[in-house]
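*Asks:* Chain residues, written in single-letter form:
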Amino acid sequence: MDILVGLATVLTDPVLLCWILLAALVGMVIGAIPGLTASAAIAMLVPLTFYMQPLAALAFLYVIGKSGRYGGSIAAILFNTPGTAASAATQIDGYPLARKGMASKAMRVATVSSVIGDFTGDLILISSFAVIAAVALRLGPPELFAVYFAAFVVIGSVIGNSVARGLASAALGILVNMIGLDPISSQERFTFGTFELSNGVALVPLMIGIFVLGEVFAQIDKPAGRTVMADEPDSAEARARNHLSFSEYKPCIPHVIRSSFIGAFIGMLPGLGSAIAAFIAYGEGKRRAQNPEEWGRGALEGIAAPEAANNAVSGPSMAPLLTLGIPGSTIGAILVGVFLIHGIQIGPTLFLTSRELVYSLFAAGLVGIACYGLIGYFGAAFVGRFILRIPTQVLYPIIFLTAFVAAYASRGNLFDVVVMVVAGFAGWAMRRFDFNPAAFVISFVLAGGAEEAFRQSLLLSDSGPAIFVERPVALVFIVLGIGALVFRIRSHRRQRSDPKAAEEPS
Amino acid sequence: MGWAPAIRGRFIGLVLVLVGAGALLASLQIPLDQYGQWGARIFPLIAGLAILVTGLAELWEGPAIRPGSTGGGHTARVLALLALAIAYVWALSKVGYLISTAVTAPLGLWLFGVRRPIGLLAAALLCPVAYHLIFFEALGVFPPLGEWIDLLDLIRGY
Numbered sequence: 228m229d230i231l232v233g234l235a236t237v238l239t240d241p242v243l244l245c246w247i248l249l250a251a252l253v254g255m256v257i258g259a260i261p262g263l264t265a266s267a268a269i270a271m272l273v274p275l276t277f278y279m280q281p282l283a284a285l286a287f288l289y290v291i292g293k294s295g296r297y298g299g300s301i302a303a304i305l306f307n308t309p310g311t312a313a314s315a316a317t318q319i320d321g322y323p324l325a326r327k328g329m330a331s332k333a334m335r336v337a338t339v340s341s342v343i344g345d346f347t348g349d350l351i352l353i354s355s356f357a358v359i360a361a362v363a364l365r366l367g368p369p370e371l372f373a374v375y376f377a378a379f380v381v382i383g384s385v386i387g388n389s390v391a392r393g394l395a396s397a398a399l400g401i402l403v404n405m406i407g408l409d410p411i412s413s414q415e416r417f418t419f420g421t422f423e424l425s426n427g428v429a430l431v432p433l434m435i436g437i438f439v440l441g442e443v444f445a446q447i448d449k450p451a452g453r454t455v456m457a458d459e460p461d462s463a464e465a466r467a468r469n470h471l472s473f474s475e476y477k478p479c480i481p482h483v484i485r486s487s488f489i490g491a492f493i494g495m496l497p498g499l500g501s502a503i504a505a506f507i508a509y510g511e512g513k514r515r516a517q518n519p520e521e522w523g524r525g526a527l528e529g530i531a532a533p534e535a536a537n538n539a540v541s542g543p544s545m546a547p548l549l550t551l552g553i554p555g556s557t558i559g560a561i562l563v564g565v566f567l568i569h570g571i572q573i574g575p576t577l578f579l580t581s582r583e584l585v586y587s588l589f590a591a592g593l594v595g596i597a598c599y600g601l602i603g604y605f606g607a608a609f610v611g612r613f614i615l616r617i618p619t620q621v622l623y624p625i626i627f628l629t630a631f632v633a634a635y636a637s638r639g640n641l642f643d644v645v646v647m648v649v650a651g652f653a654g655w656a657m658r659r660f661d662f663n664p665a666a667f668v669i670s671f672v673l674a675g676g677a678e679e680a681f682r683q684s685l686l687l688s689d690s691g692p693a694i695f696v697e698r699p700v701a702l703v704f705i706v707l708g709i710g711a712l713v714f715r716i717r718s719h720r721r722q723r724s725d726p727k728a729a730e731e732p733s
Numbered sequence: 012m013g014w015a016p017a018i019r020g021r022f023i024g025l026v027l028v029l030v031g032a033g034a035l036l037a038s039l040q041i042p043l044d045q046y047g048q049w050g051a052r053i054f055p056l057i058a059g060l061a062i063l064v065t066g067l068a069e070l071w072e073g074p075a076i077r078p079g080s081t082g083g084g085h086t087a088r089v090l091a092l093l094a095l096a097i098a099y100v101w102a103l104s105k106v107g108y109l110i111s112t113a114v115t116a117p118l119g120l121w122l123f124g125v126r127r128p129i130g131l132l133a134a135a136l137l138c139p140v141a142y143h144l145i146f147f148e149a150l151g152v153f154p155p156l157g158e159w160i161d162l163l164d165l166i167r168g169y
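Heads up: the protein sequence lines correspond to chains A and B, in order.
Per this note's numbering, the first sequence starts with residue 228, numbered consecutively.
Per this note's numbering, the second sequence starts with residue 12, numbered consecutively.
In short, the hints are calculated from the structure, not lab data.
All C-beta atoms in this analysis are idealised placements derived from N, C-alpha and C, irrespective of residue type, glycine included.
One or more hints might be untrue.
Taking CB as the label site, the calculated pair distances span [said to hold, decoys possible]:
id	chain 1	residue 1	chain 2	residue 2	range
1	B	D164	A	T418	53 to 59 Å
2	B	P42	A	Q683	48 to 54 Å
3	B	L136	A	G570	39 to 45 Å
4	A	L615	B	G130	16 to 22 Å
5	A	V700	B	Q48	52 to 58 Å
6	B	A17	A	G570	48 to 54 Å
7	A	P699	B	I18	33 to 39 Å
8	B	W71	A	E423	43 to 49 Å
9	B	A17	A	G367	44 to 50 Å
In silico contact screen, one side only, chain A against chain B (beta carbon under 8 Å); selected entries [stated by the list, open to error]:
id	residue
10	P241
11	A395
12	F492
13	L641
Now the stretches of chain B that chain A is said to cover, found in silico as 3 or more residues with beta-carbon under 8 Å [as the list claims (entries may be wrong)]:
id	region
14	43–52
15	59–67
16	92–98
17	117–127
18	150–156
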C-alpha cells in the first residue's frame, strides 16, 4: 500500500513529474554519449540538487541513473561503442542488427527489455524492502562490520583486470576517508598540519574529480576518432523492416524474465553492478538459446537478455544502500552524499524515519522507467542523431569548466576545487593503470561506517577481534568475503593460463 | 607510457609498497586516545597494510598481469590539461571567476583541438557569463573573489 501512496505523491506533483521527465531525457542522452556515464552526470549535477526539495533531488538523480543505464544501449547499437560498460554485451548483437538496416528494431527490443527488467527489479525491491530493513535492524556492530568487510573485498576484487590493483583501490579509498579528525577521539589523522584537511576530504568534489574530470583527462588521452552512426534510410520499406511485432519479440520473453532475475540478484550484491549482470545474462541466454549460432550476428534475444539484466540491477542495488547504508554501485555512493546533504540518515532506521520518502522515491523510479521507455521507444534514433551533432572537442572542454564550478558550488570553497583536480588526475591514472575508480569511491563512502562498526565491536568484545568469528552471522559474511576473494584469484589465474578465456570480459 | 607489462607491473607494485609503507608510518604517528588505546590508529594501519600487501602481490605477479587497456599515449596532452587545471585554480583565487574562466575556456578548447579564432573568442566571452548567471546569480552561490583584482567588483562599482 505504501507504494500506492508514493505513486499518488509523485503523480499529483507536476514539478516533480517535470524533474523526472527531465532526468529520463538527460540520463538517456548522457548514457548514450560514448565515454560519459550516468555516474559522471550525477556527480556533476549533485550541487544543483542542493537547492531542490529532498524527494525531487533524489528522484532526479535516481532516474538519471536508471535512464543512463538504458542510454548506453543507444551508443552500443547505433555507434558500435558502448556508452556504458553495462551495454558492452548489447553491442555484440545490437550493432550487427543495425548494420543490416534494423537499428530501430534493435533499439525497440533494447527499450522494451530494459523497461521490463527495470520494472522487475523495482518491484522486487519494493516487495522486499520492508523485510530487508527488518533484518538489518537486528544486525549489531560485529555483523555490520562483517557485511562491510565482504563489501570491500567483493568491490575490490571482482571488477577489473587485476585483483591486487582492485583491492589496492579499495584500500586507498579507505585511507583517503581517514584524512581529518577522528570522529570518536578527535585526533588528527593524515592532515600534516594543513587546516583545510582537518574537515576531511569532501565526497562531492572527490566524485566530480574521479568521474567527471578523470573522464575529461581520459578523453584527451585518446587518439581522435570519428563516431559513425549505423542508421537506416527513411523509406517505407525500412520502416516496415523495423516494425517490431509481438511474434518477433515473443522468443525474447523467457530470456528477459530470466535475465531480469539474474540482474535483480546481482544488484543486491554490493559492487558487482550492471556490466557483470549483463554479461552473465548474455552467457546464460546463449547457453540456453534454441538458436545459439545466431547470437553474435544480430539475434534479438542477444539484445534482450543483457538489456533486461543491466537495468534490473538498478532497483535492487538500492536495497543494501537504504537498509544498511552500503552502496552497491557508484551511483549509490553518490546518492549517499545526497541523502546526507538533505539531512536524511540512511541505514536500518530509514524505513522507520522516512518511510513515505522512500516509497515516493521508488514510485518516482517507476514513473522514470515509463518516461525513458516512451522516449526511447519512439525517439532513440533521434537521440542518436542529436549526439552525433555534438562535437566532442567542444563538449569535453565545457564539461571541464562545469566540473570546476560544480566542485566549488558544493560548499563555496576553493579547497574543494583543489581536491577535485587532484582526484581528477588520480581518476585518470587509475583508469590508465588498471586500478578501479569505482572501488576507490565506494570504499571511501563505506570507510566511515565500517570503522565505526569495527571500533564499536571491539568495545563490545571481551576477546578482541575474535568477536567477528564468534558471532555466526558475522562469520558467514567474513567467510563470504574471503571465499569471493579466493574464487576471484583462482578464476584470474585460470584466465591467465588460458589465453582464450583471457579474451573474454572479466 | 609504452612500458612492457612486466616493467609496468613491477613499477606499480613498487609505488604501492612505498605508499603502503608511508601510510603505515604516518598511521603510527596518530596519537593514542585518552585511554592509551590505538583507537584512531587501527583502521588507517589496516588500510596501509592492505596497500603494502597488494603492492607486494603486484611485485610478485607483475610480469603476468595483462597490459592496461585504456592508455592512449597522449600523456603530454594530459599533463598540459593538468597544468591548465592547476593554473585555473590558482587564477580563481587571484583574479576571480570571470577573468580566469575567460582565459581558461579558450585554452581548454584549444587543447582539445579547436582552432577557429571566432569559436575561441566566443568561448572566452560566453562561458564566464553563462556559468556566472547559472551558478552565482540563479542558484545564489557566492562566487570566488579574486585577491588581486575581480572583474565582478569593477562591474558592480565596488
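*Asks:* Now tell me if each hint is right for this structure.
*Replies:* Now the hints, each set against the structure:
D164 of chain B and T418 of chain A have their C-beta atoms about 33 Å apart, which leaves the hinted 53 to 59 Å range violated. For P42 of chain B and Q683 of chain A, the Cβ-Cβ distance of about 21 Å falls outside the hinted range of 48 to 54 Å, so the restraint is violated. With their beta carbons about 40 Å apart, L136 of chain B and G570 of chain A fall inside the hinted range of 39 to 45 Å. At about 19 Å, the CB distance of L615 of chain A to G130 of chain B agrees with the hint of 16 to 22 Å.
Between V700 of chain A and Q48 of chain B the C-beta distance comes to about 26 Å, which lies outside the given range of 52 to 58 Å. Between A17 of chain B and G570 of chain A the Cβ separation comes to about 52 Å, which falls inside the hinted range of 48 to 54 Å. Take P699 of chain A and I18 of chain B: their Cβ atoms lie about 47 Å apart, and the range 33 to 39 Å is violated. As the Cβ distance of W71 of chain B to E423 of chain A is approximately 38 Å, the hint placing it in 43 to 49 Å is violated.
The supplied range of 44 to 50 Å is met by A17 of chain B and G367 of chain A, whose beta-carbon atoms lie about 47 Å from each other. Using the Cβ-Cβ criterion of 8 Å, the hint placing P241 of chain A at the interface with chain B is not satisfied: the shortest such distance is roughly 21 Å. Because the beta carbon of A395 of chain A sits about 4 Å from the nearest beta carbon in chain B, less than 8 Å, this interface hint is met. Evaluation of the F492 of chain A hint against chain B yields a violated restraint, the C-beta minimum of about 28 Å exceeding 8 Å.
For L641 of chain A, the suggested interface contact is upheld, since its CB lies about 6 Å from the closest CB of chain B, less than 8 Å. Residues of the region 43–52 of chain B lying with their CB closer than 8 Å to a CB of chain A number 4, which satisfies the three-residue condition for coverage. Counting residues of the region 59–67 of chain B whose CB lies closer than 8 Å to any CB of chain A gives 5, which reaches the minimum of 3, so the coverage claim holds. Counting residues of the region 92–98 of chain B whose CB lies closer than 8 Å to any CB of chain A gives 4, so the stated coverage by that chain holds, three being the minimum.
Given as covered by chain A, the region 117–127 of chain B passes the check, having 6 residues with a CB less than 8 Å from a CB of that chain where 3 are the minimum. Given as covered by chain A, the region 150–156 of chain B passes the check, having 5 residues with a CB less than 8 Å from a CB of that chain where 3 are the minimum.
Checked against the numbered hints given earlier, this structure breaks hints 1, 2, 5, 7, 8, 10, 12; the rest are met.
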